[in-house]
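Asks: Using the sequences and the hints, build the whole thing.
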Amino acid sequence: MKHGNTLRAAVCGSAAAAILSAGLFTAAPVLAEDIVLRMAVPDWPPTRIMKDLFDKGYKAKSGNNVTLEPDFIPWPDYYTRLSGSLTSGEKRYNMAVSDSQWLGAFIEGGYYQKLNDAIEADPELQTIMDGLNPALVDAYSTYPHKSKNYYGFPQMPDVLVAYYRSDIFCDAGEAAAFKAKYNADLPCTPEEMNNADWDMVQKFGEFFGRKKGENLSGAALDDDFYGIAYQAGKGYDFSTMQIASMIWQHGGDIWDETKAPTGKAEGVVNSPEAVKGFEHYLSLLQYMPPVVKTGTMDIFKQDELFREGKVAYMINWIGFAESSIDAKTSKVSDKVNFAMAAGLKKSDGSIDRTYNIGGQPFVLMTWNDENTNTEALEFVKWWLSPETQVAFAKAGGQSGLKSVYGDASYNTFRPWNHAFGASISNQQDIWHIPEFFELLVQQQEEFDKAITGQQDAKTALDAIAKFQEELLLEAGHIE
Amino acid sequence: MMKVWVVYPLRVAFASVPAALIVSALAITFLPPSVSFWVSGAVSAFSAFLFVAYAWGRHAGGLLVAPAIALLFCMNIFPLLWSFGLSFFHYRANRLAPPRFAGLHYYEKVLSDPVVWDRLQVTAKMVVLTVSLQMVIGFLLAMLFAKQFPLRRVLLILVLTPMMLSFVAVGAFFRYYYEPTFGLVSQAVRVFTGEPYVLLQSAAGATAGIVFADAWMWSPFVMLLVLAGLVSVPKYLYEAASIDRISHWRRFWSITFPYVRSLLMLALLFRTIEAFKLFDVVFLLTEGGPGTSTETIAVYVYRVSFQYFKTSESAALAYILLFTVIVLTNLYLYFANKRNRT
Chain A
0 MKHGNTLRAA VCGSAAAAIL SAGLFTAAPV LAEDIVLRMA VPDWPPTRIM KDLFDKGYKA
60 KSGNNVTLEP DFIPWPDYYT RLSGSLTSGE KRYNMAVSDS QWLGAFIEGG YYQKLNDAIE
120 ADPELQTIMD GLNPALVDAY STYPHKSKNY YGFPQMPDVL VAYYRSDIFC DAGEAAAFKA
180 KYNADLPCTP EEMNNADWDM VQKFGEFFGR KKGENLSGAA LDDDFYGIAY QAGKGYDFST
240 MQIASMIWQH GGDIWDETKA PTGKAEGVVN SPEAVKGFEH YLSLLQYMPP VVKTGTMDIF
300 KQDELFREGK VAYMINWIGF AESSIDAKTS KVSDKVNFAM AAGLKKSDGS IDRTYNIGGQ
360 PFVLMTWNDE NTNTEALEFV KWWLSPETQV AFAKAGGQSG LKSVYGDASY NTFRPWNHAF
420 GASISNQQDI WHIPEFFELL VQQQEEFDKA ITGQQDAKTA LDAIAKFQEE LLLEAGHIE
Chain B
0 MMKVWVVYPL RVAFASVPAA LIVSALAITF LPPSVSFWVS GAVSAFSAFL FVAYAWGRHA
60 GGLLVAPAIA LLFCMNIFPL LWSFGLSFFH YRANRLAPPR FAGLHYYEKV LSDPVVWDRL
120 QVTAKMVVLT VSLQMVIGFL LAMLFAKQFP LRRVLLILVL TPMMLSFVAV GAFFRYYYEP
180 TFGLVSQAVR VFTGEPYVLL QSAAGATAGI VFADAWMWSP FVMLLVLAGL VSVPKYLYEA
240 ASIDRISHWR RFWSITFPYV RSLLMLALLF RTIEAFKLFD VVFLLTEGGP GTSTETIAVY
300 VYRVSFQYFK TSESAALAYI LLFTVIVLTN LYLYFANKRN RT
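Which chain is which? The protein sequence lines are A and B, in order. Counting in numbering that gives the first Met the number 0, the first sequence runs from 0 upward without gaps. Counting in numbering that gives the first Met the number 0, the second sequence runs from 0 upward without gaps.
Simulated from the structure, these hints should not be mistaken for laboratory data. Any given hint might turn out to be false.
Below, computed lysine to aspartate or glutamate pairings styled on EDC-like, alpha-carbon distance capped at 20 angstroms [what the hints assert, rightly or not]: (1) K210(A) x E194(B); (2) K211(A) x E194(B); (3) K380(A) x D121(A); (4) K202(A) x D223(A); (5) K108(B) x E434(A); (6) K108(B) x E469(A); (7) K465(A) x E278(A); (8) K147(A) x E119(A); (9) K309(A) x E194(B); (10) K465(A) x D112(B); (11) K108(B) x E473(A).
Taking CB as the label site, the calculated pair distances span [as the list claims (entries may be wrong)]: (12) A168(B) x E119(A): 31 to 37 angstroms; (13) A168(B) x P414(A): 32 to 38 angstroms; (14) D129(A) x L103(B): 52 to 58 angstroms; (15) E473(A) x H58(B): 40 to 46 angstroms; (16) S165(B) x E119(A): 17 to 23 angstroms; (17) F148(B) x K50(A): 53 to 59 angstroms; (18) A168(B) x A326(A): 26 to 32 angstroms; (19) G217(A) x A168(B): 39 to 45 angstroms; (20) Y175(B) x E119(A): 51 to 57 angstroms; (21) M128(A) x T192(B): 56 to 62 angstroms; (22) A474(A) x L164(B): 40 to 46 angstroms; (23) L220(A) x W252(B): 55 to 61 angstroms; (24) L103(B) x T79(A): 26 to 32 angstroms; (25) S146(A) x N75(B): 52 to 58 angstroms.
Remember, it's a predicted structure, so these values are computed and weren't measured experimentally. Backbone N, C-alpha and C fix where the C-beta goes; we use that ideal spot for every residue, glycine too.
Replies: In structure tokens:
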């Protein structure tokens, strides 16, 4: 009986509470919602700056309380961690900063949201898309590549640029010795360095390779010093990005996905021009720090060697530039200058600087609820507004908006910005198909064998062409 | 039902298992995943409840270990069986297409794939080199530490440290150790040759680098096991031997070694299984390079599984490897027991 009473009291009590709270909710005005945008991002300055700008100045127009929660994941693990999260079905992220080449794999998996409807329904987004550099839209947004299906917005566009030591290149003694040896002027200012082609880079390599105890800019070296560095690492795409650029500059090509299903791999990937381009790439490795012989000189190692003051000239992504001019992280912070990356001089005297595009787009996930998705798009609009883009560029990022990077003041924000605007339109991308990683891993392995001296350029490219032809045939990308 | 439950409680519980399986299968086939998940969960829970109800008051011991077994089943055995099942289907974890039955296709593919055989050969080479080096160094260290000498305890702790470090720390450490520009090895060699020393540029050098790093980390483990054997040798045997003026060599073979042998076999077994799965050090030091000359089968499985997302193929490959390790282990145990008996 006692139990019965207790039970009755509990039921009455909870019913009263329910009525009361229901009344409260209906009577209250529409409350601002707490919305969290969970985003997978690689851990490096461009995403750290983004978080910083968001926390300092983002206010949602809807009045909702929106917070950005990025998961900062180290670059080398990023693909595995993101793909692990997406395929596990945990639906942890609403957005991600995705490398452009992963579009195919993750769109086919049903994770990345198609944005055409959102763009069509929103004039602001249309203005943004129209204002972006078309090379970025192609690489970051379209799948199939260069189609009219859009999946991404640029988070940070990136290009390969030349980092060089102004104290060495502008040293009068070195310039005189260089002139005496090559009968050529040693470039000092960025404008002069912009004219450097691969032959000049080869001279830098030969000229600045010095042993411990020898003189450099008038002082005796306490360790060996090296002329040049570019990427030659086995991991991820840490040689492909430079090698593909070199092949394009020599008039060769990679397997072009926009030519599917008739475009072949065999005969294209291993064409005489491609072989020449790759041979050219290999010929410059001898002037680089000895770690290149192990096939582990990736973009991080290069960056480290440059900041340690071991290299005179390097080609690397702009994403690393901020840390190279920061005295806390760089021994050469006050001696760095930037220029456009070297290219191949053509018979008409022009320099071909076709390079592989860097940087990453934002993508939205298919499982976002309506409110979150709306806020995610609002966030994108805020990010790609000229004000935010200018603030981002001032803090060390880059903008893909023509109106922003095309403005004269843009070049004054950071010492490398002049090279960005001039390079951005020369960018191409590799593949976006779901089989991207298989193509990449096998190619990196064959490149690595050539870099470590186990095979020549022709053998490597023949093996790559054969593998790609078979794989692409099997996957139906080649008929 | 009540009467049946009173008369045949265990049989009812057992009968609930196939019933639960059938209901789950039907639910998975006909209902959307979000519903079938809960249906399967509910019938499994009901089946488990019947067993618990039967065991209540009858088998207290069994009930006490049941949570541990249930956890093991959920976290370990079930995923294992699931992946085994996947190896018979066409399935890629990053595609929307549902699994299609493939039979033994992937086993056939894996076993006839020259790349797999190449990676297995690399692995075999690594296993033989690293395990024999660990056995020799571990044994010698154990012989050293079996004796009493000043600072023995401190040195012992130092020697055991590598084993306790994380793989990633060891990988990062050795990467810098071998680095030609800043690295210690290169700096030391340069004192004599004047040239930076690039160990990891050749297949042989990279293999040596990996084997050394792995042996550095795991020789102390062998030492620990052998040391346990050495200290268990009764002193009076040595005393008797010295009275008989037996040579050191003979003393070792007739007294010390028989005591240590079984533990040495155990160390060999553990280390072989572990070395067969060698991944971390390889991935961090060389990523399988130069080319693919140090790409072990474990690294390859990782690539197939998490980079190419060929889920079924990687599952088939993983089960073939598991089978290989089980066969190797049993061969070991067979020979070890045979020797012990003779």
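Asks: All hints are to be evaluated individually against the structure, with a verdict given for each.
Replies: Hint by hint, here is what the structure shows:
For the given pair, K210(A) sits about 9 angstroms from E194(B) by alpha-carbon distance, which is consistent with the 20 angstroms threshold. This hinted pair checks out: K211(A) and E194(B) have alpha carbons roughly 10 angstroms apart, not beyond 20 angstroms. With a C-alpha separation of about 10 angstroms, the suggested pairing of K380(A) with D121(A) holds against the 20 angstroms cut-off. Of the supplied pair hints, the one linking K202(A) and D223(A) holds, its CA atoms being roughly 18 angstroms apart against a limit of 20 angstroms.
Taken as a hint, the K108(B) and E434(A) pair is honoured in the structure, with Cα atoms around 19 angstroms apart against an allowance of 20 angstroms. With a C-alpha separation of about 15 angstroms, the suggested pair K108(B) and E469(A) falls inside the 20 angstroms cut-off, and the hint holds. A C-alpha spacing of about 19 angstroms is found between K465(A) and E278(A), which places the hinted pair at or below 20 angstroms, so the restraint holds. With a C-alpha separation of about 12 angstroms, the suggested pair K147(A) and E119(A) falls inside the 20 angstroms cut-off, and the hint holds.
Our distance criterion of 20 angstroms between C-alpha atoms is met by K309(A) and E194(B), whose separation comes to about 16 angstroms. Pair hint K465(A) plus D112(B) holds up; C-alpha atoms about 16 angstroms apart against a cutoff of 20 angstroms. For the proposed pair K108(B) and E473(A), the alpha carbon gap of about 14 angstroms is at most 20 angstroms, so the pair holds. With their beta carbons about 52 angstroms apart, A168(B) and E119(A) fall outside the hinted range of 31 to 37 angstroms.
At roughly 37 angstroms, the beta carbons of A168(B) and P414(A) sit within the given window of 32 to 38 angstroms. For the pair D129(A) and L103(B), the beta carbons lie near 55 angstroms from each other, so the given range of 52 to 58 angstroms is met. The beta-carbon spacing between E473(A) and H58(B), approximately 55 angstroms, falls outside the hinted interval of 40 to 46 angstroms. At about 51 angstroms, the beta-carbon gap between S165(B) and E119(A) misses the expected band of 17 to 23 angstroms.
Taken as a hint, the range 53 to 59 angstroms holds for the pair F148(B) and K50(A), whose Cβ atoms sit roughly 56 angstroms apart. The supplied range of 26 to 32 angstroms is met by A168(B) and A326(A), whose beta-carbon atoms lie about 28 angstroms from each other. Distance hint check for G217(A) and A168(B): the Cβ-Cβ separation is about 41 angstroms, which falls inside the suggested range of 39 to 45 angstroms. Between Y175(B) and E119(A), the C-beta spacing of about 53 angstroms keeps the proposed range 51 to 57 angstroms intact.
For the pair M128(A) and T192(B), the beta carbons lie near 59 angstroms from each other, so the given range of 56 to 62 angstroms is met. Remark: the range hint 40 to 46 angstroms for A474(A) to L164(B) is upheld by a beta-carbon distance near 42 angstroms. As the Cβ distance of L220(A) to W252(B) is approximately 58 angstroms, the hint placing it in 55 to 61 angstroms holds. Here the CB-CB span from L103(B) to T79(A) is close to 29 angstroms, well matched to the stated 26 to 32 angstroms.
The hinted range of 52 to 58 angstroms is not satisfied by S146(A) and N75(B), whose Cβ atoms lie roughly 45 angstroms apart.
The structure is inconsistent with the numbered hints 12, 15, 16 and 25, although it conforms to all the rest.
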